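Q: As a plain string of letters, each chain reads:
Number of protein chains: 2
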Amino acid sequence: MNKNKLPKQEENFSDWYNQVIQRAELADYAPVRGCMVVRPYGWAIWENIQSALDKRFKDTGHVNAAFPLLIPMSFFEKEKEHVEGFSPELAVVTIGGGEKLDEPLVIRPTSETIIGHMYAKWIKSYRDLPVLINQWANVVRWEMRTRLFLRTLEFYWQEGHTAHATAEEAEIETRQMLDVYTDFAVNVAAVPVIPGTKSDNEKFAGAVQSYTIEAMMKDTKALQSGTSHNLGQNFAKAFDIQYLDPNNQLQYCWTTSWGLSTRFVGAIIMTHGDDQGLVLPPRLAPVQVVIIPIFRSEDEKESVMNATNEVVKKLSGLRVKIDDRTEMTPGFKFNDWELRGVPLRIEIGPKDVEKNAVMTARRDIPGREGKSSLPIDGLNHQISAILDDIHDNLLAKASKFRDDHTYDPKDYDEFHSLVNSGWVYSYWCGDKACELKIKEETKATLRCIPLDQNIPDGKCIYCGKDAKQKAYFSRAY
Amino acid sequence: MNKNKLPKQEENFSDWYNQVIQRAELADYAPVRGCMVVRPYGWAIWENIQSALDKRFKDTGHVNAAFPLLIPMSFFEKEKEHVEGFSPELAVVTIGGGEKLDEPLVIRPTSETIIGHMYAKWIKSYRDLPVLINQWANVVRWEMRTRLFLRTLEFYWQEGHTAHATAEEAEIETRQMLDVYTDFAVNVAAVPVIPGTKSDNEKFAGAVQSYTIEAMMKDTKALQSGTSHNLGQNFAKAFDIQYLDPNNQLQYCWTTSWGLSTRFVGAIIMTHGDDQGLVLPPRLAPVQVVIIPIFRSEDEKESVMNATNEVVKKLSGLRVKIDDRTEMTPGFKFNDWELRGVPLRIEIGPKDVEKNAVMTARRDIPGREGKSSLPIDGLNHQISAILDDIHDNLLAKASKFRDDHTYDPKDYDEFHSLVNSGWVYSYWCGDKACELKIKEETKATLRCIPLDQNIPDGKCIYCGKDAKQKAYFSRAY
Numbered sequence: 058m059n060k061n062k063l064p065k066q067e068e069n070f071s072d073w074y075n076q077v078i079q080r081a082e083l084a085d086y087a088p089v090r091g092c093m094v095v096r097p098y099g100w101a102i103w104e105n106i107q108s109a110l111d112k113r114f115k116d117t118g119h120v121n122a123a124f125p126l127l128i129p130m131s132f133f134e135k136e137k138e139h140v141e142g143f144s145p146e147l148a149v150v151t152i153g154g155g156e157k158l159d160e161p162l163v164i165r166p167t168s169e170t171i172i173g174h175m176y177a178k179w180i181k182s183y184r185d186l187p188v189l190i191n192q193w194a195n196v197v198r199w200e201m202r203t204r205l206f207l208r209t210l211e212f213y214w215q216e217g218h219t220a221h222a223t224a225e226e227a228e229i230e231t232r233q234m235l236d237v238y239t240d241f242a243v244n245v246a247a248v249p250v251i252p253g254t255k256s257d258n259e260k261f262a263g264a265v266q267s268y269t270i271e272a273m274m275k276d277t278k279a280l281q282s283g284t285s286h287n288l289g290q291n292f293a294k295a296f297d298i299q300y301l302d303p304n305n306q307l308q309y310c311w312t313t314s315w316g317l318s319t320r321f322v323g324a325i326i327m328t329h330g331d332d333q334g335l336v337l338p339p340r341l342a343p344v345q346v347v348i349i350p351i352f353r354s355e356d357e358k359e360s361v362m363n364a365t366n367e368v369v370k371k372l373s374g375l376r377v378k379i380d381d382r383t384e385m386t387p388g389f390k391f392n393d394w395e396l397r398g399v400p401l402r403i404e405i406g407p408k409d410v411e412k413n414a415v416m417t418a419r420r421d422i423p424g425r426e427g428k429s430s431l432p433i434d435g436l437n438h439q440i441s442a443i444l445d446d447i448h449d450n451l452l453a454k455a456s457k458f459r460d461d462h463t464y465d466p467k468d469y470d471e472f473h474s475l476v477n478s479g480w481v482y483s484y485w486c487g488d489k490a491c492e493l494k495i496k497e498e499t500k501a502t503l504r505c506i507p508l509d510q511n512i513p514d515g516k517c518i519y520c521g522k523d524a525k526q527k528a529y530f531s532r533a534y
Numbered sequence: 058m059n060k061n062k063l064p065k066q067e068e069n070f071s072d073w074y075n076q077v078i079q080r081a082e083l084a085d086y087a088p089v090r091g092c093m094v095v096r097p098y099g100w101a102i103w104e105n106i107q108s109a110l111d112k113r114f115k116d117t118g119h120v121n122a123a124f125p126l127l128i129p130m131s132f133f134e135k136e137k138e139h140v141e142g143f144s145p146e147l148a149v150v151t152i153g154g155g156e157k158l159d160e161p162l163v164i165r166p167t168s169e170t171i172i173g174h175m176y177a178k179w180i181k182s183y184r185d186l187p188v189l190i191n192q193w194a195n196v197v198r199w200e201m202r203t204r205l206f207l208r209t210l211e212f213y214w215q216e217g218h219t220a221h222a223t224a225e226e227a228e229i230e231t232r233q234m235l236d237v238y239t240d241f242a243v244n245v246a247a248v249p250v251i252p253g254t255k256s257d258n259e260k261f262a263g264a265v266q267s268y269t270i271e272a273m274m275k276d277t278k279a280l281q282s283g284t285s286h287n288l289g290q291n292f293a294k295a296f297d298i299q300y301l302d303p304n305n306q307l308q309y310c311w312t313t314s315w316g317l318s319t320r321f322v323g324a325i326i327m328t329h330g331d332d333q334g335l336v337l338p339p340r341l342a343p344v345q346v347v348i349i350p351i352f353r354s355e356d357e358k359e360s361v362m363n364a365t366n367e368v369v370k371k372l373s374g375l376r377v378k379i380d381d382r383t384e385m386t387p388g389f390k391f392n393d394w395e396l397r398g399v400p401l402r403i404e405i406g407p408k409d410v411e412k413n414a415v416m417t418a419r420r421d422i423p424g425r426e427g428k429s430s431l432p433i434d435g436l437n438h439q440i441s442a443i444l445d446d447i448h449d450n451l452l453a454k455a456s457k458f459r460d461d462h463t464y465d466p467k468d469y470d471e472f473h474s475l476v477n478s479g480w481v482y483s484y485w486c487g488d489k490a491c492e493l494k495i496k497e498e499t500k501a502t503l504r505c506i507p508l509d510q511n512i513p514d515g516k517c518i519y520c521g522k523d524a525k526q527k528a529y530f531s532r533a534y
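Residue numbers (this note's numbering), protein chains in the order written: chain S, 58 to 534; chain Y, 58 to 534.
Just so you know, these hints were derived from the structure itself, not from any lab.
Keep in mind it's a predicted model, so treat the numbers as computed, not measured.
Check the hints yourself; a few may be wrong.
Identical copies carry no separate label here, and so any pair may be met within one copy or between two of them.
Result set (DSS-like, lysine-lysine): computed pairs, CA atoms no more than 25 Å apart in a straight line [stated by the list, open to error]:
no. : residue 1 : residue 2
1   : LYS527    : LYS260
2   : LYS494    : LYS370
3   : LYS408    : LYS496
4   : LYS62     : LYS178
5   : LYS181    : LYS62
6   : LYS467    : LYS260
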């Protein structure tokens with residue numbers, strides 16, 4: 058661990074972000090510009106994200122598969138908006154086995170095209186529908202400005218791709234997966250999110266309608282944290298995904314796609330982290346509880362280690378680590394595990410053993426206030442309850458932070474100044490021209506139009522014309 | 058499902074293999090030559106393989122991480138044997154974001170180089186050792202002759218990469234992972250394997266010593282099913298992976314790598330399958346038990362479905378599927394699930410319900426002999442025991458098949474004729490010249506030199522000179 062102090066968030070958030078990732082050994086820079094190595098501690102967070110999401114996908118009837126990394130270049134040209142959106146970002150293989158290829162191959166930036174091609178082959182009749190497939194995969198997009206986890210040339214994600222018999226079913230699926238992402242973000246990652254629709258200007262290249270969950274980071278910028286797209290019949294028509302209906306008539310399918318990526322690890326870091334380092338939500342933390350035995354003599358060691366082993370046994374359902382490194386002081390270890398964001402620390406010293414108790418310290422409540430002495434008897438229930446409480450507290454703190462930094466300006470002047478320090482929630486007429494002017498003048502983009510608003514009509518914050526809906530505007534990652 | 062009959066294994070094994078994969082919906086051909094789509098049923102087998110292996114890796118102290126897909130071309134030139142072995146197979150990215158790249162990037166065919174580069178950065182002191190990392194990843198090798206699962210341009214695997222302070226530790230690790238693969242093959246996949254060393258000629262490009270597990274397919278060819286490599290200090294020296302020892306002296310690390318891929322799905326298909334289709338080992342089968350309710354009237358339906366639901370509840374720890382499709386006859390369903398290799402079928406009809414029993418049919422024992430009527434009471438224990446028995450039976454059958462087709466010829470003439478119908482286990486002097494002559498004259502390669510032979514000295518089957526060891530020779534995939 059680097060001995061220099063971590064930069065403070067307020068002083069340089071971006072520097073804080075990069076340093077905390079490297080010092081906590083979540084990820085490192087790869088030799089190729091913009092690529093990342095996800096180190097074991099970072100990958101363990103992603104594995105926990107995968108497991109929480111995968112369970113939800115399977116519970117809603119989806120199955121996993123694996124589609125190829127390499128896609129013929131010509132596939133991208135079949136859907137007009139799609140090729141416009143993705144062609145500037147493609148990595149292209151032109152040589153294979155020492156020979157120039159007849160047709161260049163693209164490393165998938167997303168898989169609608171190749172999956173559409175296969176669905177066209179597999180789907181014959183209404184009896185084959187719906188097709189509900191997800192894949193866990195790596196994708197490559199040639200981004201110019203990259204940042205660990207948030208935007209890297211290669212990233213890891215899941216991409217769901219479904220095909221349905223009716224427009225209605227496709228819309229239900231799209232919304233269902235948005236709900237799955239919202240549930241995951243709030244109840245697993247303790248990241249409060251606003252679910253809503255993207256504007257036409259911000260939607261996925263080739264979608265009829267894109268839904269998003271948007272989260273506020275601690276520098277008050279927005280992070281798009283997961284998206285679900287209703288693709289209508291755009292890809293079905295481009296790739297000929299057709300089925301025979303019960304009346305033996307050929308019909309085009311209605312398709313959807315939805316994805317959440319390693320970018321979400323960035324959301325966790327920037328939602329919960331503080332000047333001491335990471336603060337990991339207990340349900341995703343690779344180590345939920347770290348135990349630090351403290352002793353000075355061999356006699357003390359024996360009794361302390363006995364108590365430690367007893368505690369480990371009691372916590373068998375949790376992810377527990379004993380830090381028994383001998384070359385470091387307890388103080389060094391406290392700082393080290395705080396940097397790594399472990400939700401709960403347990404200290405066991407000779408005095409604790411005498412009382413048949415342990416000292417606990419919560420990562421989310423710094424200093425004495427977060428410490429308690431707890432009897433070893435019944436510790437399993439107590440620790441589980443504390444971890445749940447940490448989750449609730451992280452969610453409440455992040456929600457309060459977001460609400461405290463969300464503004465409803467009275468006019469565009471106020472909008473312009475407020476949007477530098479948070480989100481703005483304003484009436485919008487729905488006109489792309491206003492959206493683009495706002496972006497040009499303030500650097501804030503339309504993040505989402507929240508669902509089910511139930512609000513009276515108002516006036517567009519930019520043009521003053523009638524508006525039926527409000528939208529969130531913010532600077533974003 | 059295609060209504061034409063599956064080809065018989067004896068008539069055309071290769072055609073049987075390709076058709077069973079496509080009809081059982083394990084995989085399909087991708088639009089790019091030599092690439093494969095792993096369909097949900099095939100991917101579910103791989104997910105079960107992943108989960109069995111991942112548990113074993115973690116139990117032996119390994120952690121997962123993710124290293125980048127794209128590797129600078131220059132990295133391959135740092136280890137001489139490695140570049141010779143892999144350069145004919147590389148897929149090369151020359152264009153990114155619309156621009157020609159300064160240095161071409163290789164899609165990883167394996168990750169020793171990029172991981173070596175990172176280890177050199179991370180490892181400073183003996184305290185950082187050992188480093189025990191695995192990754193689950195896709196890799197690309199530009200193969201000319203491809204076959205679904207066995208050899209595809211892109212395939213999926215795990216690759217473990219470890220770094221140690223001493224040669225001895227590296228050798229222990231290499232052998233430990235060979236043992237893990239053997240245990241997995243035998244006790245999870247019911248695939249009997251011979252663990253052994255590769256000859257210098259057949260070893261991994263850049264390794265000091267390669268270990269392998271070799272399995273016999275039903276056409277008597279060998280399939281290399283997993284490998285573990287002791288890399289000595291070759292990659293440590295090429296990539297400068299050094300550590301300070303306790304005396305503050307810089308030392309090179311000793312490294313290993315080991316991998317098992319989706320090729321193993323091919324091993325399962327060709328070890329257990331028969332003329333009716335797949336036969337999946339119970340511990341990896343995505344569906345362990347399929348239940349087929351049989352009824353003719355609404356009255357029958359009610360009582361049969363009640364019994365079915367009761368049975369499902371009893372089997373809650375197993376992977377169970379109810380086939381309640383109404384548009385197909387029970388006979389069609391029996392064939393369909395046999396093709397898909399489900400280990401155990403349960404039929405529930407009105408007569409079974411009357412007896413408070415079910416009819417079971419084992420996939421591994423065709424016809425009446427594999428059928429029993431079992432009382433619903435206590436069914437959970439009975440079914441678990443039957444699945445274990447199916448595992449044991451599959452392993453015994455495959456072991457017997459292998460032993461029946463393994464020969465110990467008295468001279469090279471006999472060798473030459475026997476090697477067309479099985480494996481040959483013969484004395485070998487250790488000279489590469491003999492090995493290459495045998496390959497040239499018989500198309501059989503040296504598959505492995507089994508560990509711990511404890512045999513008297515003999516004479517090389519090719520040159521007649523003194524030989525201390527025997528080796529397996531066979532035609533191979």
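Q: It remains to establish, for every hint, whether it holds in the given structure.
A: A quick look at each hint next to the structure:
no.: 1; hint: LYS527 <-> LYS260; in the structure: within (17 Å within a copy, 65 Å between copies)
no.: 2; hint: LYS494 <-> LYS370; in the structure: neither (61 Å within a copy, 60 Å between copies)
no.: 3; hint: LYS408 <-> LYS496; in the structure: neither (61 Å within a copy, 72 Å between copies)
no.: 4; hint: LYS62 <-> LYS178; in the structure: between (58 Å within a copy, 21 Å between copies)
no.: 5; hint: LYS181 <-> LYS62; in the structure: between (62 Å within a copy, 21 Å between copies)
no.: 6; hint: LYS467 <-> LYS260; in the structure: neither (28 Å within a copy, 73 Å between copies)
Checked against the numbered hints above, the structure violates hints 2, 3, 6; every other hint is satisfied.
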